[in-house]
Amino acid sequence: MEPMDTFDININKERELFEIRSAMVIMELEKMIEKAKQLEKHVIKLVEHEASEPPRKKIKFN
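Going by my numbering, the first residue of the sequence shown is number 9, and it counts up by one from there.
If you're looking for bench data, these hints aren't it; they were derived computationally from the structure.
C-beta atoms are modelled at their ideal positions from N, C-alpha and C, and glycine is treated no differently.
One or more hints might be untrue.
[Said to hold, decoys possible] Below, in silico cross-link-like pairs of lysine-lysine (DSSO-like), each with a Cα-Cα straight-line distance of 30 Å or less: (1) Lys43 / Lys53; (2) Lys39 / Lys21; (3) Lys39 / Lys49; (4) Lys66 / Lys53; (5) Lys65 / Lys53; (6) Lys43 / Lys66; (7) Lys49 / Lys65.
[To be verified] Label-pair ranges, simulated between beta-carbon atoms: (8) Leu25 / Val51: 34 to 40 Å; (9) Lys45 / Thr14: 42 to 48 Å; (10) Ala44 / Asp13: 44 to 50 Å; (11) Glu27 / Ala59: 46 to 52 Å; (12) Glu24 / Glu58: 50 to 56 Å; (13) Asn20 / Ala59: 54 to 60 Å; (14) Ala44 / Glu22: 31 to 37 Å; (15) Met32 / Lys68: 37 to 43 Å; (16) Pro63 / Met35: 42 to 48 Å; (17) Ile67 / Lys43: 35 to 41 Å; (18) Asp16 / Ile41: 34 to 40 Å.
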């Protein structure tokens, strides 16, 4: 095998590894986005619930 062939094989392997890592990063980002959407919905529900409750009595400190 000539040195150039080995170089080409190494470049292809590196490219494949890069593509695999990139796909893994994208999948993790998609999971994080989905989790953020769930948290956003949860926060909205909490805020709506808090807004629907009557105001709390303020405690006065002397």
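Each hint tested on the structure:
no.: 1; hint: Lys43 / Lys53; result: holds, 15 Å
no.: 2; hint: Lys39 / Lys21; result: holds, 27 Å
no.: 3; hint: Lys39 / Lys49; result: holds, 16 Å
no.: 4; hint: Lys66 / Lys53; result: holds, 24 Å
no.: 5; hint: Lys65 / Lys53; result: holds, 23 Å
no.: 6; hint: Lys43 / Lys66; result: violated, 36 Å
no.: 7; hint: Lys49 / Lys65; result: holds, 28 Å
no.: 8; hint: Leu25 / Val51: 34 to 40 Å; result: holds, 39 Å
no.: 9; hint: Lys45 / Thr14: 42 to 48 Å; result: holds, 47 Å
no.: 10; hint: Ala44 / Asp13: 44 to 50 Å; result: holds, 47 Å
no.: 11; hint: Glu27 / Ala59: 46 to 52 Å; result: holds, 48 Å
no.: 12; hint: Glu24 / Glu58: 50 to 56 Å; result: holds, 51 Å
no.: 13; hint: Asn20 / Ala59: 54 to 60 Å; result: holds, 58 Å
no.: 14; hint: Ala44 / Glu22: 31 to 37 Å; result: holds, 32 Å
no.: 15; hint: Met32 / Lys68: 37 to 43 Å; result: violated, 57 Å
no.: 16; hint: Pro63 / Met35: 42 to 48 Å; result: holds, 45 Å
no.: 17; hint: Ile67 / Lys43: 35 to 41 Å; result: holds, 37 Å
no.: 18; hint: Asp16 / Ile41: 34 to 40 Å; result: holds, 37 Å
Going through the hint list in order, the structure does not satisfy hints 6 and 15.
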